[in-house]
Amino acid sequence: MAKLKKSPWLLHYDGSSCNGCDIEVLAALTPVYDAERFGVMNTGDPLQADIFLITGGINTQNKDVVKQLYDQMPRPKVVVAVGVCACTGGVFKDCYNILGGADSVIPVDIYVPGCAARPQAIIDGVVQAVELLEKRSEEHKAMKKNKKKGA
Amino acid sequence: MNMILRIVGYIVLAPIIGGLLEGIDRKISAKMQRRVGPPILQPFYDVKKLFNKQVILVSRSQTFALISYLALMILTGAMFYAGMDILMCFFVMSTAATALYFAAMVTSSPYATMGANRELIQMMAYEPAVLLSCVGFYLAEGTFNVNEIAGSGKLDIIFLPGFFVAFVFILTIKMRKSPFDIATSHHMHQELVKGLTTEMGARNLAIFQVTEWYENVFLMGVVGLFFINGSYISVIYAIVAILLVYFLEILIDNTSARMKWENMLKITWIVTLFTAGVNLLVLMLVRVA
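Those protein sequences? They're chains C and G, same order as listed. Here the first sequence is numbered in the numbering used here, starting from 1 and rising by one per residue. Here the second sequence is numbered in the numbering used here, starting from 1 and rising by one per residue.
These are computed hints drawn from the structure, not numbers from a lab. Hints should not be assumed to be uniformly reliable.
As the list claims (entries may be wrong) - If you anchor each label on the Cβ, the simulated ranges turn out as follows:
#1 C:G20 x G:V12: 46 to 56 Å
#2 G:G153 x C:R75: 32 to 42 Å
#3 C:Q68 x G:F102: 19 to 29 Å
#4 G:G153 x C:T30: 46 to 56 Å
#5 C:A27 x G:I158: 46 to 56 Å
#6 C:I23 x G:Y138: 30 to 40 Å
Said to hold, decoys possible - When the alpha-carbon atoms are kept at most 27 Å apart in a straight line, the in silico DSS-like pairs for lysine-lysine are as follows:
#7 G:K31 x G:K48
#8 G:K260 x G:K177
#9 G:K27 x C:K6
#10 G:K48 x C:K145
Stated by the list, open to error - To list a few chain G residues with every Cβ distance to chain C over 12 Å, as calculated:
#11 P43
#12 N52
#13 M88
#14 F90
#15 N145
#16 L205
#17 L243
#18 L244
#19 K260
#20 L281
Even glycine gets a Cβ: it sits at the ideal position worked out from N, Cα and C.
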């Protein structure tokens, strides 16, 4: 059971972010912070990801993409909104094309504030996401058991 | 009886050894990049996690193709460690690689398809060196039988240094290491996303991973075959050689950028021709004389 906790793979998606938070996300994965020592890997593939890191607000063009990415991720999964734009829309909130934060299209579990979010804050968010993932994984197992009983 | 024991030993131990080797690989890679790196058991955590995830299939036949890949690879290794025909082992291995090609092709995802096509090109690149190595063993020992090659009393590396270099060179392709990791990528965000494995998630990716471990243990066995001559001391040579070759692969992986497939094909064929080819000529001459 504890295995999921030991190998959280990330999917990083850049919404309409200014790239500030993206650079910080990548900084958190560099040798300086070495996220791989916790088994964290940055994968570009939603089918293989456990944690969805999203930066930037949702606009009319990327809302379908974000939904699609979320749907392609297998359960158990956790969504982390990184930076104030992904949390609420930030300074772009009132733009004509911005729908709001990531939670305007998909359910967000963890909000990491900041403009740009600091690597330390991002790692803290991911650590919380991993704990949540553990809980989700138990729920997922219980669900699978119930399904088997029903069938 | 001994043969059955060896087959069962391979089936049980290969994933454990393969996983540990990958864990050590990741640890050493991390040290080379001045990082702490994941725990050595990390590959096992990853696979365990993948088995517990929700299964989303793009195409149902992918699972069938992947299980064939696994079964054929186990067959390859089992035949090798049981001491059967080495030529046959490599033929079965090519069939396994074809099953992997289908596993990626059936999804019709552009990234997986491109990865699958590149896998075929990789096969084209490494196949000559592999077949020539078999020929080399035959010329040195007069047999394709692994048992007889291993127990002949002759140290094959003395006769086959060129073949050995060619084989180690193509190992980089087979182990999916940079600069030749063109069909799939272990690292994030490259032009192919994850290449061959893009559409494999959860259980299927775990099967792929375990098959890679079986394959690595088989390939390392072939490296060892160059050194084993039936005496106990030669087993130690073989293990030292395997560890050195593995370290060399990690070093190459960490110090080189990936290549275009054209360059890969050219370089591998040139190296194969010059090392294995020259070695072959010399062996033939010696045999005639």
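Hints, verified against the model:
At about 51 Å, the CB distance of G20 (chain C) to V12 (chain G) agrees with the hint of 46 to 56 Å. Restraint check, G153 (chain G) to R75 (chain C): a C-beta distance of roughly 58 Å breaks the suggested window 32 to 42 Å. As the Cβ distance of Q68 (chain C) to F102 (chain G) is approximately 26 Å, the hint placing it in 19 to 29 Å holds. G153 (chain G) and T30 (chain C) have their C-beta atoms about 53 Å apart, which keeps the hinted 46 to 56 Å range intact.
Distance hint check: the CB atoms of A27 (chain C) and I158 (chain G) are about 52 Å apart, consistent with the given range 46 to 56 Å. One distance hint, 30 to 40 Å for the beta-carbon pair I23 (chain C) and Y138 (chain G), is violated here, with the actual separation near 57 Å. Using a Cα cut-off of 27 Å, the hinted pair K31 (chain G) and K48 (chain G) holds, with the two alpha carbons roughly 25 Å apart. Our distance criterion of 27 Å between C-alpha atoms is met by K260 (chain G) and K177 (chain G), whose separation comes to about 14 Å.
Of the supplied pair hints, the one linking K27 (chain G) and K6 (chain C) holds, its CA atoms being roughly 15 Å apart against a limit of 27 Å. Using a Cα cut-off of 27 Å, the hinted pair K48 (chain G) and K145 (chain C) holds, with the two alpha carbons roughly 18 Å apart. The claim that P43 (chain G) is not at the interface with chain C is violated, since a C-beta of that chain comes within 12 Å of its own (minimum 9 Å). Not every C-beta of chain C lies more than 12 Å from that of N52 (chain G), the closest at about 6 Å, which undercuts listing it as non-interface.
The beta carbon of M88 (chain G) sits about 35 Å from the closest Cβ of chain C, which is more than 12 Å, so the claim that it is off the interface holds. Under the 12 Å C-beta cut-off, the non-interface status given to F90 (chain G) relative to chain C holds; the minimum distance is some 30 Å. With 12 Å as the threshold on Cβ separation, the claim that N145 (chain G) sits away from chain C holds: the shortest Cβ distance comes to roughly 42 Å. Not every CB of chain C is more than 12 Å from the CB of L205 (chain G) (nearest about 6 Å), against its label as outside the interface.
With a cut of 12 Å on Cβ distances, L243 (chain G) stays outside the contact zone with chain C, its closest approach being about 23 Å. Non-interface call for L244 (chain G) relative to chain C: holds, since the shortest CB-CB distance, roughly 25 Å, exceeds 12 Å. The beta carbon of K260 (chain G) sits about 20 Å from the closest Cβ of chain C, which is more than 12 Å, so the claim that it is off the interface holds. With a least CB separation of 46 Å from chain C, L281 (chain G) remains clear of the 12 Å interface cut-off, as annotated.
In the structure shown, a violation is registered for the earlier hints numbered 2, 6, 11, 12 and 16, in ascending order.
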